[in-house]
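Novice: Residue numbers (my numbering), protein chains in the order written: chain A, 478 to 743; chain B, 6 to 265.
What the hints contain is simulated information worked out from the structure, not anything from laboratory work.
Values in this document were obtained by computation on a predicted structure and should not be read as measured data.
Honestly, I wouldn't trust all of these hints.
As the list claims (entries may be wrong) - Output of the computed footprint for chain A on chain B, the stretches with three or more beta carbons under 8 Å from beta carbons of chain A:
#1 50 to 57
#2 195 to 204
#3 245 to 256
Beta carbons are placed, not taken as given, at the ideal position from N, Cα and C, and that holds for glycine.
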Amino acid sequence: MTETYLHIRNLGVNYGETAALQDISLDLATGGRLAVIGESGSGKSTLAMAIAGLLPKSAQPEGSIDFPGFPHRPRLGKDIGVLFQDPSGSLDPVTRVGDQIAEVIMTHQGSGWISARVRAVELLDRVRIPNALSRLNSYPHEFSGGQKQRIALAAALAGNPSLLIADEPTSALDTVVQRHIVNLLDELVRESGLTLLFVTHDIALASERADQIAVLYQGRLVETGVATEVLGQPGHPYTKALIGTHISLDTPRRKRLAEIDMSQLQ
Amino acid sequence: MTESSVALPVLEVKDLAKRFGDRGAAGLKEVSFSVSSGETLAVVGASGSGKTTLARLIMRLANPDAGSIHLHGRDITALHGEPLRRLRPTFQMVFQDPLAAFNPRASVRRILEDPLRIHALAAKDDYDTVIAAALDRVGLSAALMQRLPLELSGGQRQRIAIARAILTKPDLIVLDEPVSALDVSVRAQILNLLLDLQDETGVAYLFISHDLAVVRAFADRIVVMEEGRIVESGTTDQVLAAPQAKATRVLIEAVPRLSH
Chain A
478 MTETYLHIRN LGVNYGETAA LQDISLDLAT GGRLAVIGES GSGKSTLAMA IAGLLPKSAQ
538 PEGSIDFPGF PHRPRLGKDI GVLFQDPSGS LDPVTRVGDQ IAEVIMTHQG SGWISARVRA
598 VELLDRVRIP NALSRLNSYP HEFSGGQKQR IALAAALAGN PSLLIADEPT SALDTVVQRH
658 IVNLLDELVR ESGLTLLFVT HDIALASERA DQIAVLYQGR LVETGVATEV LGQPGHPYTK
718 ALIGTHISLD TPRRKRLAEI DMSQLQ
Chain B
6 MTESSVALPV LEVKDLAKRF GDRGAAGLKE VSFSVSSGET LAVVGASGSG KTTLARLIMR
66 LANPDAGSIH LHGRDITALH GEPLRRLRPT FQMVFQDPLA AFNPRASVRR ILEDPLRIHA
126 LAAKDDYDTV IAAALDRVGL SAALMQRLPL ELSGGQRQRI AIARAILTKP DLIVLDEPVS
186 ALDVSVRAQI LNLLLDLQDE TGVAYLFISH DLAVVRAFAD RIVVMEEGRI VESGTTDQVL
246 AAPQAKATRV LIEAVPRLSH
């Protein structure tokens, strides 16, 4: 029997009068890979941040988020690693990358400075930063966008978390770099037996990697289930529309592209 | 056949080259292609392949080290100042992030009025009518005229950018990743709008992208760039059915597949 890692019941998040999320109930199994799919304003990032415990002070949450395997609320950095869309936002621009990763290790593993730096090199190696040892003293701006995201991933994994939350980690990258990062993420998640929550607007990307899918639309969970079932037999018109408007390599040239008819969704 | 009956390509680029940095690192090398009226040429490649440098050179925002750029047969490679300014209306650009391309404190009306005033395209009394018509053409209400860019959605902003580009009735629009920052539901609407405008006006598009799925749905021909060079070119169908260059195959493999 699979163990439940995350148990969400009737979660809502309000900002004043505005409801960013309403009545979300969702379970994520330990070792599971959940893709949260939605567009701008769907509440997908709000959901991820609520789980990470990173909601801003102005947010008014309701409902419950439980982690049955933990006697306490899981700690950010140690139990939960977070990867954001913009790696420049998660890396400190004036701190050497080796120090940033080592700091996480020292804080959460209680290691000394030298062993933390050794471990930082291992992590940079694992995320395939070439010549990791010689790059420890480099600053984030000395790396490309894709490399920065790899470094952010190394930092997210530095505390040995059991859950990785990735919030649109490849949306700012080109398709080739996206492919490399997604493959790397997949490999590391499988190797380490991590539970993964992956936020994306790309239903195809979700279909490749997730075993479970949750579709958010205007702050509500409109559909959730096993990935192959949700994609094979979508129940909600919005999920159907997302699949119908997907542009693939087989989409014929010079035909008008399918658009989502919002009036059909209400 | 008289000379005037030969249709010149809207854009012709020959042996374009640009070096960067002290060591002369290649930005672009020997890039040649042409785009005809009513045609869409996609320039595809990964980050750092030189796509954006190419766009900047064509838009005359930077100077090439070698090679030539012709618009309708006219050499614009070294054009500067007033002659270049007079030619600006004929070639326009739409950026990935229109927010970065707009003055954040200018209203939609002001953004669309600028090209009319700068290029004397309409009488002052007609600005409102012309702007309202342009907004209507891109599917927006004239009620948005007083809004600031930050008060608009990403899709609305890109429609404004397209409205600004078509106001000058250009022969060529360089589209630099115009839909990669947009939601999927908005992406198709913007691409359809661009396809419709091309049908109506015969405008040529240079479509810069790293997403081959979108390119397949949108472009007639493709050039694939890698490290500043064109490594493959042909019709979209040809290139995607039988890719020759490794860079092309890498781009094709990178497209997420919807499995269900």
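Novice: Each hint needs a verdict: does it hold in this structure or not?
Specialist: We went through each hint and held it up to the structure:
no. : hint       : result
1   : 50 to 57   : holds (count 3)
2   : 195 to 204 : holds (count 3)
3   : 245 to 256 : holds (count 3)
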